[in-house]
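Q: Protein chains in written order, with our numbering: chain A, 15 to 434; chain B, 15 to 434.
Calculated directly from the structure, the hints in this document are not laboratory data. These figures come from a predicted structure and were not determined experimentally. Some hints could be false.
Claimed, not checked - Think about it this way: if two alpha-carbon atoms lie no more than 30 angstroms apart in a straight line, the pair counts; the simulated DSSO-like pairs of lysine-lysine are: (1) K180/B / K210/A; (2) K292/A / K364/A; (3) K120/B / K210/A; (4) K17/B / K115/B; (5) K210/B / K180/A; (6) K17/A / K251/A; (7) K17/A / K210/A; (8) K17/B / K260/A; (9) K17/B / K180/B; (10) K115/B / K210/A; (11) K180/B / K204/A; (12) K140/B / K387/A; (13) K288/A / K204/A; (14) K249/B / K210/B.
2 protein chains.
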Amino acid sequence: MEKASIVSIGNELLSGQTVSTNASYLSEKLLSVGIPVVSCYTVADDIDQIVRALELASEDADAVMATGGLGPTDDDLTRQALAQFLGTELQLRSNLLQTIKDFFAKRGREMPAKCEVEAYIPAGAKALANNLGTAPGIMAEAHGKVPAKRGPKLLVALPGVPAEMKQMFEESVLGELQERAHSQAVAVRKLRCFGKGESEIAELLGGLMQRGRNPLINCTAHAGVITLCITATAKDKQQAEELAQKDEAMLRSILDRLVYGTGEQTLAEVVGEKLAQKGQTIAVAESCTGGVLAKLLTDVPGSSRYFTHGWITYSNEAKISELGVPAELIDEHGAVSQQVAEAMARGARKRAGTDFAVGITGIAGPAGGSEQKPVGLVYICVDSDSRCETQRFVFSHGRASTRIRAAQTALNMVRTRFCI
Amino acid sequence: MEKASIVSIGNELLSGQTVSTNASYLSEKLLSVGIPVVSCYTVADDIDQIVRALELASEDADAVMATGGLGPTDDDLTRQALAQFLGTELQLRSNLLQTIKDFFAKRGREMPAKCEVEAYIPAGAKALANNLGTAPGIMAEAHGKVPAKRGPKLLVALPGVPAEMKQMFEESVLGELQERAHSQAVAVRKLRCFGKGESEIAELLGGLMQRGRNPLINCTAHAGVITLCITATAKDKQQAEELAQKDEAMLRSILDRLVYGTGEQTLAEVVGEKLAQKGQTIAVAESCTGGVLAKLLTDVPGSSRYFTHGWITYSNEAKISELGVPAELIDEHGAVSQQVAEAMARGARKRAGTDFAVGITGIAGPAGGSEQKPVGLVYICVDSDSRCETQRFVFSHGRASTRIRAAQTALNMVRTRFCI
């Protein structure tokens, strides 16, 4: 197996009711055994459309994974489509029928008549056990199908319910694929960066992100975090790992402090871990972010080791009474000002008795902006024993984006400016 | 326009790094104007593959929506692929270049050279303004392309970043599609429910959720919120609206107070709007939810009308010093107890001087549980002028789920128990 293609089947996937996570799950798993997914097709519960998608997918790849449409209702048509594609008939397998009957008997119920259809499998195909539901999966080889350049194609049909699909894939499919996988091995590394945009990072990396290069370096952006994914391909695992490691080292030397972590690490995790290691603590005082920063910090299990106090001082009164921000400061400079951000951070650190405290005040929008103080303007202050530092930012992309970016930027200030 | 097809472009979509929500968003929006999506293609950042997908999509449908690959980096190839598909050249548009330069200038930065490529548009195509980012979208008509059965095809290329894609689609594409839409009309209604699970709601609705029924009623679940989507099809808009309205009334009578809102409304929006209408205010005191409730409340623009103060008292010391929770209460009953939840809510309401205050304390996990106090145990108290009510819950499905469900449940308690 060199390449895979995925066919997602179901009306609900085309009406926008369901966001399918199956394709991305399968893509990641397949890549991990050295079989990259090259295309995905999403089609309705319609025999002709399913057959066409199977044909397209088997033109693209030598392993085709279909999900959905194996249930007992009239709109579950993947079985029939698969038989048609293979040029065979569906056959009732009595052992499968018994398994389905047993599934219901165990739950004190009789098998609904509709479920009998799930015991039908294309002639010559293999049924895959479903330990969480009733519909078995199907594995078949398509011999001599167009275009059979590289020998037989492997076709697998899995249930659409994610939990059933995953268990079946891991128990009955992954091993088979691993055995058939092309001799090529793949190693994947992820570097997580914060502090510059996607285009700036791409400029720093220059030709490294060129397509067709091995390792391949891909870049994605989410909530201000830039993830660089290094995918190295080689003859064996060790070579692939070495290639990936070499690129990782190169990226790290180019991007330096922009890289804050690896894999799925969040900024809050990395900052929190450093604080825990040093036995330091942090408190937050938020206005425009309204709890986003506290949430990011406490998303991390064990964050109570270093996070103790948070204030959301959304009104001026709260800033004054809870954090001791002088009323005159607000009168003079406005609630969104460097001075108030500083007074918030200092007040929070004093009350909480922590090593660090963050103060954030800004205009998340959509309303409330002015010429001097536009929507997206945010002041972030980090106060510590040694010093107090405030920065001014103007974020864009609307309220939600401004809030999450401001909170992430605050974490990044703690990371980079205070060398924790 | 009778049918649409979607082409999602990006290596990250095929490596399993990103779950694309763009296709489901577009599917839903297109269906709402009577243009069902009949297929989706996901391909890599590769010119040939993008062109092939555009060809397949335009065989399936007369409106083709592509997302992704419009950025400034070398692996953003949608512009070139679109020009190739249309059989035209890319042209530099000086007005677009100026807009991109202005975008950076506003932020006090110079345009990175890489971004110039974003000002190139296929000859004859229209650029779509991007109010959140730099890359404009593209709208073009493909005349005489294979197979041009039903006249010209509409091709639209949108950014892959969901926020940019959505705003551009709603501002510059939806209206155009509506004008060209086929005569069949579709009306969509969404009811948002909280308080029971998906299967319980399905059981209450019985045969109403049958497939093939018109209107079609679909059910999705997210963060404890059950969304029922009613899709009615009829000859004209009025008939479709009437059908949908009838079903909405029926669902409302069955589900009663479980229904909290419509459309995309969140619980925080609905509760907040009620508070604003009555001129009432709310404060929160969070322990295990660590800011999630405050974040939900302040996600809503204008929430400063009713939300003033929040405390995240993650440590016992914070509960004592900031909210006046008696130390003996924590010693006697533990920090996760009905008594402490109550003291937190009362303390918060007293300090903030609000009409309502919520206190939440629990064990989000994964560690910290015991026989008597398992992971997922949460006490939620709502204090008001008239009374103080505390409920005990045991949530499952892990830390993140427990935190969001606890926060949502707190909002639902304010909604249902205090009849606001």
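Q: Straight-line Cα separation of K288/A and K204/A no greater than 30 angstroms?
A: 20 angstroms, holds
Q: Are K210/B and K180/A close enough, with their CA atoms no more than 30 angstroms apart?
A: Cα-Cα ~27 angstroms, so holds.
Q: Regarding the pair K292/A and K364/A, is the alpha-carbon distance no greater than 30 angstroms?
A: Holds, at about 20 angstroms.
Q: CA of K180/B to CA of K204/A, is that 30 angstroms or under?
A: Holds, at roughly 28 angstroms.
Q: Please verify whether K17/A and K210/A have alpha carbons no more than 30 angstroms apart.
A: Violated - the C-alpha atoms of K210/A and K17/A are around 34 angstroms apart, more than 30 angstroms.
Q: Are the Cα atoms of K115/B and K210/A separated by 30 angstroms or less?
A: 17 angstroms, holds
Q: Please work out if K140/B and K387/A have their alpha carbons no farther apart than 30 angstroms.
A: Given pair K140/B, K387/A is violated - Cα atoms ~34 angstroms apart, limit 30 angstroms.
Q: Verify the proposed pairing of K17/B with K115/B, using a straight-line Cα cut of 30 angstroms.
A: Distance of about 37 angstroms is beyond 30 angstroms: violated.
Q: Starting from K180/B, check that the Cα of K210/A is at most 30 angstroms away, please.
A: 24 angstroms, holds
Q: Are the Cα atoms of K120/B and K210/A separated by 30 angstroms or less?
A: 17 angstroms, holds
Q: Holds or violated: are the alpha carbons of K17/A and K251/A at most 30 angstroms from each other?
A: Holds, at about 18 angstroms.
Q: If you draw a straight line from the CA of K17/B to the CA of K180/B, is it 30 angstroms or shorter?
A: Since the Cα atoms of K17/B and K180/B sit roughly 20 angstroms apart, the hinted pair holds (cutoff 30 angstroms).
In summary, the structure is inconsistent with hints 4, 7, 8, 12, 14 from the numbered list given earlier, while agreeing with the others.
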